[in-house]
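A.B. asks: Sequence:
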Amino acid sequence: MKMQTVSFSNKLGLTLSASLFVPEKATNMTKFPALIVTGPAGAIKEQTAGLYAETMSKHGFVTVTMDGSFEGESEGTPHYQENPYARIEDIRSAVDYLVTLSMVDDQRIGIIGICAGGGYASAAAMTERRIKAVALASPVNAGREMRADGQAVTIKSLQMVADLRTK
180 MKMQTVSFSN KLGLTLSASL FVPEKATNMT KFPALIVTGP AGAIKEQTAG
230 LYAETMSKHG FVTVTMDGSF EGESEGTPHY QENPYARIED IRSAVDYLVT
280 LSMVDDQRIG IIGICAGGGY ASAAAMTERR IKAVALASPV NAGREMRADG
330 QAVTIKSLQM VADLRTK
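In the working numbering, the protein residues as written are 180 to 346.
Keep in mind the hints are simulated off the structure, nothing from the lab.
None of these values were measured; they are calculated from a predicted model.
Where is the CB? At the ideal position from N, CA and C, for every residue including glycine.
Some clues are possibly wrong.
Cut-off 20 Å, straight-line C-alpha distance, at most; resulting in silico cross-link-like pairs (EDC-like, lysine to aspartate or glutamate) [claimed, not checked]: (1) Lys210 x Asp275; (2) Lys190 x Glu254; (3) Lys181 x Glu225; (4) Lys237 x Asp284; (5) Lys190 x Glu268.
Derived CB-CB ranges, DEER-like [said to hold, decoys possible]: (6) Gln183 x Gln260: 19 to 29 Å; (7) Lys237 x Leu343: 42 to 52 Å; (8) Thr306 x Thr279: 18 to 28 Å.
Let the sequences and hints guide you as you build the complete structure.
C.D. replies: Have a look at this one:
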């Protein structure tokens, strides 16, 4: 497995810093399936998503994980801002980047979303037709949690459902 730091721009005009992991035996003559790995809210590419990306590359996938807009080494101010719209756009831009790589089979692009990244991954995959497979680990819909009463409403609703099922 080989890792290199790359960058690409999103449609918001921001440059994203990313890590690209390539299988050890990759050549320009070989096409590999690819995965975008997006991590928890506020996380940077070297953390959880980077571990998943590195592991999946060892299993034969070209993988990319990036610092989201406004986070880590990516552009955007104010920094340390969790912006669901931007994070979903970042995913689409990662697909744009992957399809430019000669080693990527553009018909076999998937996404792994972890925690809040799971919510962003599922939202992006609903409209990004180039994403063919989705895997989620402990997904959270961060956008929903940031709106209205957020988690308090969710917890109350879940308790009401539990109470109804118990009756």
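A.B. asks: Would you mind marking each hint as holding or not holding in the structure?
C.D. replies: Consistency of the hints with the structure:
1. Lys210 x Asp275: Measuring from Cα to Cα gives roughly 17 Å; hence the hint holds.
2. Lys190 x Glu254: Roughly 13 Å separates the two Cα atoms, so the pair holds.
3. Lys181 x Glu225: Roughly 15 Å separates the two Cα atoms, so the pair holds.
4. Lys237 x Asp284: Roughly 17 Å between the alpha carbons, so the hint for Lys237 and Asp284 holds.
5. Lys190 x Glu268: OK: Lys190 and Glu268 at ~7 Å, within 20 Å.
6. Gln183 x Gln260: 19 to 29 Å: With Cβ atoms ~27 Å apart, the hint holds.
7. Lys237 x Leu343: 42 to 52 Å: holds, 46 Å
8. Thr306 x Thr279: 18 to 28 Å: Holds, since Thr306 and Thr279 (Cβ atoms, about 20 Å apart) stay within the stated range.
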